[in-house]
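Participant: These protein sequence lines are chains A and B, in that order. Reminder that position 381 of the first sequence reads as 381 in the numbering used here, one-by-one numbering, no gaps. Reminder that position 308 of the second sequence reads as 1308 in the numbering used here, one-by-one numbering, no gaps.
There may be inaccurate statements among the hints.
What the hints assert, rightly or not - In silico DSS-like links for lysine-lysine, alpha-carbon gap of 25 Å or less:
#: 1; chain 1: A; residue 1: K57; chain 2: B; residue 2: K1268
#: 2; chain 1: A; residue 1: K57; chain 2: B; residue 2: K1072
#: 3; chain 1: A; residue 1: K289; chain 2: A; residue 2: K220
#: 4; chain 1: B; residue 1: K1072; chain 2: B; residue 2: K1114
#: 5; chain 1: B; residue 1: K1091; chain 2: B; residue 2: K1072
#: 6; chain 1: A; residue 1: K121; chain 2: B; residue 2: K1091
#: 7; chain 1: B; residue 1: K1114; chain 2: B; residue 2: K1091
#: 8; chain 1: B; residue 1: K1256; chain 2: B; residue 2: K1170
#: 9; chain 1: B; residue 1: K1256; chain 2: B; residue 2: K1284
#: 10; chain 1: B; residue 1: K1072; chain 2: B; residue 2: K1143
#: 11; chain 1: B; residue 1: K1114; chain 2: A; residue 2: K57
#: 12; chain 1: B; residue 1: K1284; chain 2: A; residue 2: K121
#: 13; chain 1: B; residue 1: K1268; chain 2: B; residue 2: K1247
#: 14; chain 1: A; residue 1: K289; chain 2: A; residue 2: K121
#: 15; chain 1: B; residue 1: K1268; chain 2: B; residue 2: K1284
#: 16; chain 1: A; residue 1: K57; chain 2: A; residue 2: K259
#: 17; chain 1: A; residue 1: K259; chain 2: B; residue 2: K1091
#: 18; chain 1: B; residue 1: K1269; chain 2: B; residue 2: K1256
#: 19; chain 1: B; residue 1: K1143; chain 2: B; residue 2: K1114
#: 20; chain 1: A; residue 1: K220; chain 2: A; residue 2: K121
#: 21; chain 1: B; residue 1: K1256; chain 2: B; residue 2: K1351
#: 22; chain 1: B; residue 1: K1269; chain 2: A; residue 2: K57
#: 23; chain 1: B; residue 1: K1170; chain 2: B; residue 2: K1269
#: 24; chain 1: B; residue 1: K1256; chain 2: A; residue 2: K259
Derived from the structure by calculation, the hints contain no laboratory data.
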Amino acid sequence: MSHFVDVMLSLQWFFLLYFIVVNGGYLALNILSYLSLQRHIDIQFFEDLPKAYNNFKPPISLLVPAYNEASTIAASVRSLLQLTYHEFEIIVINDGSKDETMAELQREFDLAPFEEAYWHKLPTETINGIWRSTRYPNLRVIDKENGGKADSLNAGINASRYPLFCAIDADSVLQRNSLQLIVQPFIEDARTIAAGGTVRVVNGCEVSGGFLTSVGLPHKLLPRLQIVEYLRSFLFGRLGWSSFNAMLIISGAFGLFRKSSVIDAGGYRTDTVGEDMELVVRLHRLHRKQRIPYRIVFVPNPACWTEVPETVHVLKKQRIRWQRGLLESMQMNLGLFFNLHGGWAGWLAFPFTLLFEGLGPMIEIFGYAFMIAGFSIGVVSLPAFLAFTLLAIVLGILLSISSLMLEEMSFHLFPRPQQLVQLSLVSIIEHFGYRQLTLVWRIEGLLHWLFGTKGSWGAMPRSAQWQQHNT
Amino acid sequence: MLSEHLIQIVVWLSMTLLVLMLLLLLRIALLRINLIAHTSRERIFLEVWQPLFASAIAGDTDNLPQLEEDEKIYFMKLWNHLHQSLRGPAKRRLNIIALRCGILHDVYSLLHRKGLRSQLLALTMLGHLEDRSAWTEILRLAKHRDTLLSFVAARALFQIHPEAALNDLKQLMLEREDWPPAQLALLLQEANRESIFTVLANTANDLAGSTNPTELGRLSRLLHLLEVAPYQLAIPAVRATLAANQKDEIIAQCLKFLREPSDLPAVKKHIGHPNWVVRLQAAKALGRIGSPSDQHQLAVLLRDPVWWVRYRTAQALVTLTRGDSQTLSELRAHLADRYAVDMLKMAMSEKGVQ
């Protein structure tokens, strides 16, 4: 019995140490983000001024993988065609959709067969045909056999003409100036190989003609909770890591890449459900290994809006997938982990993400179980149990509130003060049930990774209410 | 078991964080109140000043009211915005408005403040005002290690006195790798002075045959900058460089400039270059300046192992033959290489040639 108590006491210190390091890490990221955002605000004024830099901006290929997107694809492409950027092409990749996606595209954009001298730089599933719009010469559609999102993006890269490509989800809502915002790091620094934009939640907003016209909050609690999560993830997570070139993920919903760097790295991997994160981690690993100077940058301006799940079932599937994708990305690039030339990415971001984001859920759940078990056998006293529970909750809320503050400091997108009050309340509520629920799903994702369950297209049922009303 | 002492620390820490959380909530509330107040003040300012600016730009600068202290920042924002949007005499009138409103003194104070936003705002305004009195201070900021601050300072110097700015900054422009050539080119384009491009072309001429890596780096940047120079000013230096330099990157950069048939021998010389980037630029140049009789020589590159060379060659052939479908079809019929045929078909398809 005394041996068991010794183990419990040691575990107690382990969990305490874990708790201090993880929260200390998040607080440090928060401070870095604050400083980084402060500078961003300082120069924001200049970004608002009209610019005449167009001739110097590199042209961009927009890659839009689509799988069973018949209901939204035409509206999405129409809005993409209206982006304000001096030179860009749109390549929609129909990944063997079983619905009317291809027919819809043909009907809406008058597609005609295009005699493309297709270059197989990256291996992909069979290409059935390439089409070009007779009305919009900068719009092409690749019709291919089903191979997943990563395979579709590789096909898009093969067919793209321009030095930069922007990978976006077919249902992403961009702003007219999104490309101008995200291309900026590539103009400012030739070492930039990738840039990720901030993704915000479109549920509850108004969209007209494919563009966001008014920011609102969804009526349902579940998407509201995700708004706070997105703020936390983008405004202090990615911004913090980006400030020392250690950001390990660029959202698949909106990211800009230097094509040559991605091709040199081998393109998107098709054997992971987290192809977006895996690519970024691999770019870090290979550039570090080959000692090639590079930058992977986060652009904090809201540039892309996406619909988040409104039902528990869909959200659960998404989170399992995300967790699994994260762990696969880490596993596939273990060479970066404490690599001699790994820099901040290899020595800090990778271990931190692996330990606290990847394996963290397991440790956290053990922590909860330990507290309860310790309390029931008397190793953890009631005051200690209550004190640590209080600290954990207060810290969590503090981090959520601070990301809300970063948002209000910089972009103040939520026009009505009541919305801020509601989001503040959500920041508190999420720590009573929701965080624990997502923790369980993340563990499920971890188990899927551990036992290698087969993945598939991360298609998510969309309500697209914002689109039905307004396009 | 955890000591009472440790538990007390945890409780106190929780309480402290709770207070911090409440302070953050308060900060959010204050930020919003501040934002509402700012927006309202700015709206009122714009209602009054936008018509005043409009009539002042039209020539009536005598009826400008006294600026209140808290209006100055809105004035500067509006003034900068208009400066960026307007051209010609309107910009000069904007400068008169700023001087009449006595804003210059405030701009100097902003320049000497520590904050990045203040300094950027001051530099932008001094550049638009073409005010030379703070030259030394602006030059100091142009040498600052912060990329954005130094670049905005350099831009201001070029707006104030392009020739003097080039004299003071030429070295930095060729050496500072954090100043993107594209942005520098824009800055030179804004200055739009032949004298500047003459100096740059002469410098390129001096470096034409260089082999030293540092000098080659400078030459490459110079060629980037000369892309926005008047053609007649840049071309002698480009030709001299093309004749004297063996570096692939430099040759490729030079080929981009060529527009005259007299340069055909230099272009054709590089059609078989071992570096594909040079071959690509040679193909493009031949498409630009060649004649239909050059098509067979150009068509050789349709068999190039690099996709991009084949693609640009096919496009160049369509340009060279002015999209004549019969000529292109005949050419295609004589191609034995499947990849070459596919590429030519694609280029024809892109241009709508049947």
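Participant: It remains to establish, for every hint, whether it holds in the given structure.
Facilitator: Against the structure, the hints:
no.: 1; hint: A:K57 / B:K1268; result: violated (30 Å)
no.: 2; hint: A:K57 / B:K1072; result: violated (34 Å)
no.: 3; hint: A:K289 / A:K220; result: violated (47 Å)
no.: 4; hint: B:K1072 / B:K1114; result: holds (19 Å)
no.: 5; hint: B:K1091 / B:K1072; result: holds (19 Å)
no.: 6; hint: A:K121 / B:K1091; result: violated (51 Å)
no.: 7; hint: B:K1114 / B:K1091; result: violated (29 Å)
no.: 8; hint: B:K1256 / B:K1170; result: holds (23 Å)
no.: 9; hint: B:K1256 / B:K1284; result: holds (8 Å)
no.: 10; hint: B:K1072 / B:K1143; result: violated (29 Å)
no.: 11; hint: B:K1114 / A:K57; result: violated (32 Å)
no.: 12; hint: B:K1284 / A:K121; result: holds (23 Å)
no.: 13; hint: B:K1268 / B:K1247; result: holds (17 Å)
no.: 14; hint: A:K289 / A:K121; result: holds (23 Å)
no.: 15; hint: B:K1268 / B:K1284; result: holds (11 Å)
no.: 16; hint: A:K57 / A:K259; result: holds (15 Å)
no.: 17; hint: A:K259 / B:K1091; result: violated (41 Å)
no.: 18; hint: B:K1269 / B:K1256; result: holds (15 Å)
no.: 19; hint: B:K1143 / B:K1114; result: holds (16 Å)
no.: 20; hint: A:K220 / A:K121; result: violated (45 Å)
no.: 21; hint: B:K1256 / B:K1351; result: holds (22 Å)
no.: 22; hint: B:K1269 / A:K57; result: violated (31 Å)
no.: 23; hint: B:K1170 / B:K1269; result: violated (33 Å)
no.: 24; hint: B:K1256 / A:K259; result: holds (22 Å)
Of the numbered hints given earlier, the model fails hints 1, 2, 3, 6, 7, 10, 11, 17, 20, 22, 23; all others are met.
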